[in-house]
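Enquirer: Quick note: the sequence shown uses numbering that gives the first Met the number 0, first residue 0, plus one each step.
To be clear, the hints were calculated from the coordinates, so they are not data collected in a lab.
Any given hint could turn out to be false.
[As the list claims (entries may be wrong)] List of simulated lysine-lysine pairs, PhoX-like, C-alpha gap at most 20 Å: (1) K126 to K169; (2) K206 to K174; (3) K325 to K246; (4) K155 to K177; (5) K330 to K432; (6) K177 to K325; (7) K295 to K126; (8) K206 to K126; (9) K246 to K272; (10) K206 to K246; (11) K272 to K325; (12) K126 to K155.
[What the hints assert, rightly or not] Pairwise CB distance ranges, derived in the manner of DEER restraints: (13) K475 to V287: 29 to 37 Å; (14) P335 to C457: 13 to 21 Å; (15) K289 to S183: 46 to 54 Å; (16) A157 to E133: 13 to 21 Å.
Nothing here was measured: the structure is a model prediction, and the numbers come from that model.
We treat Cβ as the ideally placed atom computed from N, Cα and C, and that holds for glycine.
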Amino acid sequence: MEPANRRDRNVLIPSFCYLILQICIVYIIVESTSVYGVPLHHASPCRSTKHAFILYKVDRSEYVGILRSAITNLMSPNVFREQKGTYVSEGDWWLARSLTTGESGYIPSNYVAPSDSIQAEEWYFGKITRRDSERLLLSLQNRRGTFLVRESETTKGAYCLSVLDYDNTKGLNVKHYKIRKLDSGGFYITSRTQFSSLQQLVFHYRKHSDGLCHSLTDVCPVAKPQTQGLARDAWEIPRESLRLDLKLGQGCFGEVWMGTWNGTTRVAIKTLKPGTMSPEAFLQEAQVMKKLRHEKLVQLYAVVSEEPIYIVTEYMSQGSLLDFLKGDAGKLLRLPQLVDMASQIAAGMAYVERMNYVHRDLRAANILVGDSLVCKVADFGLARLIEDNEYTARQGAKFPIKWTSPEAALYGRFTIKSDVWSFGVLLTELATKGRVPYPGMVNREVLDQVDRGYRMPCPSECPGSMHELMLSCWRKEPEERPTFEYLQGFLEDYFTSTEPQYQPGENL
Numbered sequence: 000m001e002p003a004n005r006r007d008r009n010v011l012i013p014s015f016c017y018l019i020l021q022i023c024i025v026y027i028i029v030e031s032t033s034v035y036g037v038p039l040h041h042a043s044p045c046r047s048t049k050h051a052f053i054l055y056k057v058d059r060s061e062y063v064g065i066l067r068s069a070i071t072n073l074m075s076p077n078v079f080r081e082q083k084g085t086y087v088s089e090g091d092w093w094l095a096r097s098l099t100t101g102e103s104g105y106i107p108s109n110y111v112a113p114s115d116s117i118q119a120e121e122w123y124f125g126k127i128t129r130r131d132s133e134r135l136l137l138s139l140q141n142r143r144g145t146f147l148v149r150e151s152e153t154t155k156g157a158y159c160l161s162v163l164d165y166d167n168t169k170g171l172n173v174k175h176y177k178i179r180k181l182d183s184g185g186f187y188i189t190s191r192t193q194f195s196s197l198q199q200l201v202f203h204y205r206k207h208s209d210g211l212c213h214s215l216t217d218v219c220p221v222a223k224p225q226t227q228g229l230a231r232d233a234w235e236i237p238r239e240s241l242r243l244d245l246k247l248g249q250g251c252f253g254e255v256w257m258g259t260w261n262g263t264t265r266v267a268i269k270t271l272k273p274g275t276m277s278p279e280a281f282l283q284e285a286q287v288m289k290k291l292r293h294e295k296l297v298q299l300y301a302v303v304s305e306e307p308i309y310i311v312t313e314y315m316s317q318g319s320l321l322d323f324l325k326g327d328a329g330k331l332l333r334l335p336q337l338v339d340m341a342s343q344i345a346a347g348m349a350y351v352e353r354m355n356y357v358h359r360d361l362r363a364a365n366i367l368v369g370d371s372l373v374c375k376v377a378d379f380g381l382a383r384l385i386e387d388n389e390y391t392a393r394q395g396a397k398f399p400i401k402w403t404s405p406e407a408a409l410y411g412r413f414t415i416k417s418d419v420w421s422f423g424v425l426l427t428e429l430a431t432k433g434r435v436p437y438p439g440m441v442n443r444e445v446l447d448q449v450d451r452g453y454r455m456p457c458p459s460e461c462p463g464s465m466h467e468l469m470l471s472c473w474r475k476e477p478e479e480r481p482t483f484e485y486l487q488g489f490l491e492d493y494f495t496s497t498e499p500q501y502q503p504g505e506n507l
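With the hints as extra help, turn the sequences into a complete structure.
Expert: What follows is the structure, encoded as C-alpha cells:
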C-alpha cells in the first residue's frame with residue numbers, strides 16, 4: 000500500500016479488499032464472507048449527491064473504486080479518501096467509476112461510508128440495540144474492556160458506549176454509558192471531562208479508565224454487512240457457477256451444503272430432490288421470498304430453477320439451531336442466552352407478520368445460527384410448495400405434526416397465528432436443549448391429545464412465566480394467540496426490568 004498521511008490513517012478500513020480488472024469487467028474481492036468476486040457491471044456513471052471514495056493501491060493493483068467494509072479483519076487494512084469526480088447511484092448496488100481506468104461497475108451500497116464521518120470508525124456500530132450490543136460483546140473471544148459505540152435508543156442525538164466488564168459475582172457483563180452532546184458540539188460522559196469529538200473521547204478512555212469499569216481495550220468484532228444478493232444481476236444463476244464443498248446435512252427432501260459461488264463467495268446451498276416441488280411454482284414463490292429482507296431472516300441470494308432445484312442463501316457458520324442446542328455449545332447456554340435467541344426469532348417472525356407472509360414450518364431445525372449466537376429464520380414459505388404425498392396428507396410421516404397448530408394440521412388453515420403456535424413449541428426446544436416435543440407420543444396421538452386440550456407441561460428449569468408464554472401461543476382459538484410483535488417485546492424486555500439502563504456518568 001502507498002504511504003498515507005496521519006489524517007488518512009484515521010479512516011483505515013477494517014476489511015482487506017481490492018479491485019481487479021479482467022476482460023473489461025471490474026471485480027470486488029473481499030477477504031471473508033458475503034461479497035467475494037462480485038462482478039461490477041458496465042454502465043454509464045450516474046451523478047448523485049452520495050459520497051465516493053478512492054481505494055489506494057493494494058499490492059501491485061492500481062485500480063481504484065469505492066468500497067467500505069464495517070468489519071475488523073486480520074488482514075492489512077486499506078485507506079480510502081473522498082474524491083471529486085467519482086459517482087454512485089441509489090439503491091442496493093451503487094454505480095462506481097474507477098478514477099484510474101474510467102471503468103464503471105456496481106458495488107454493494109452498505110459497504111460505502113463518508114471517509115471523514117463517524118461511520119468510518121471501526122468502533123461505531125450505529126443503530127444497533129442494547130441487546131444486540133450485549134450479544135456481540137459477550138462472545139467468548141472478547142476480553143474485558145472490549146467496546147463499541149452505538150446510537151442511544153432513548154435519546155435522539157446521543158450515543159452510548161458499551162463496555163465488556165467482569166466481576167466475581169456477575170462474571171462477564173456489559174456496562175452502558177450514555178454519551179451526551181454539548182450545544183457547542185462537544186461530547187461527554189461526565190460533564191467535568193469533555194471532548195470536541197467522539198474520536199477524542201474514545202482515545203481518552205483507551206488510555207485511562209477515568210471512572211469507567213475498565214479502560215477501553217479492543218474494538219468489538221462484528222460480522223460483515225449483508226449484501227442484497229450475490230451481485231446486482233445475479234438471481235437465476237447457472238448450476239456451473241456453484242461448487243458444493245461440504246455436506247452439512249440431509250433431510251427428507253434434499254441436502255444442505257456449504258458451497259462457493261463464482262469461485263469466490265461462500266454460500267449455503269439447499270439441493271432439492273427432483274419432484275419435491277414444481278420448478279414453476281418455486282420460482283414464483285422465490286420472487287416473493289427474495290423481497291423479504293430483515294437482519295433476522297436468512298438472506299436468499301439466488302436460485303437454480305431447473306431440477307434439481309438449488310436454493311442459494313447466506314452461509315451461517317453454526318448450522319441449524321436444533322443441532323446447535325444438542326451439541327457441546329448448547330450445553331453451555333443459560334437462560335439469558337436462550338431467551339435472547341428466542342427474541343431474535345420472534346423479531347424475524349414479527350417482520351414476516353408485518354409483511355403478511357406465513358412461514359408454515361417454524362421449528363428449531365429451520366432456524367440457523369451464526370457467530371455471536373445470532374439466530375435467523377430460514378426456509379420460510381417452502382412448505383407450501385412440497386408435493387410429496389407423505390407430507391401433503393398433513394398426517395404423514397414427513398409432516399411436522401408436533402409443531403403444527405390443530406387448525407393447520409386438521410383443516411389446512413395456515414396463518415401467521417399457526418406460526419405463533421409453532422413458535423410456542425420452538426420455545427420448548429430451546430428450554431430442553433433440542434428435545435423432541437411431546438416425548439413418548441407418536442404423531443397420531445399428539446394430534447388427538449392436543450385436539451382434546453392437552454398442552455405440554457413446563458419443562459424442568461424453565462421459569463413459570465416462560466411456560467405461560469408458551470401456553471398463550473397454544474390457545475385453541477387462533478385470534479386469541481399473541482402477535483409476534485408482542486412476543487418480541489416480551490422476550491426483549493424479559494430481563495431489562497432488573498437492570499439499570501445506563502451507568503451513572505455524573506458519578507464517575
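Enquirer: Does each hint fit the structure? Answer for all of them.
Expert: So, going through the hints one by one against the coordinates:
no., hint, result
1, K126 to K169, "violated (27 Å)"
2, K206 to K174, "holds (18 Å)"
3, K325 to K246, "holds (19 Å)"
4, K155 to K177, "holds (12 Å)"
5, K330 to K432, "holds (7 Å)"
6, K177 to K325, "violated (39 Å)"
7, K295 to K126, "holds (15 Å)"
8, K206 to K126, "violated (26 Å)"
9, K246 to K272, "holds (15 Å)"
10, K206 to K246, "violated (47 Å)"
11, K272 to K325, "violated (27 Å)"
12, K126 to K155, "holds (11 Å)"
13, K475 to V287: 29 to 37 Å, "holds (30 Å)"
14, P335 to C457: 13 to 21 Å, "holds (19 Å)"
15, K289 to S183: 46 to 54 Å, "holds (47 Å)"
16, A157 to E133: 13 to 21 Å, "holds (18 Å)"
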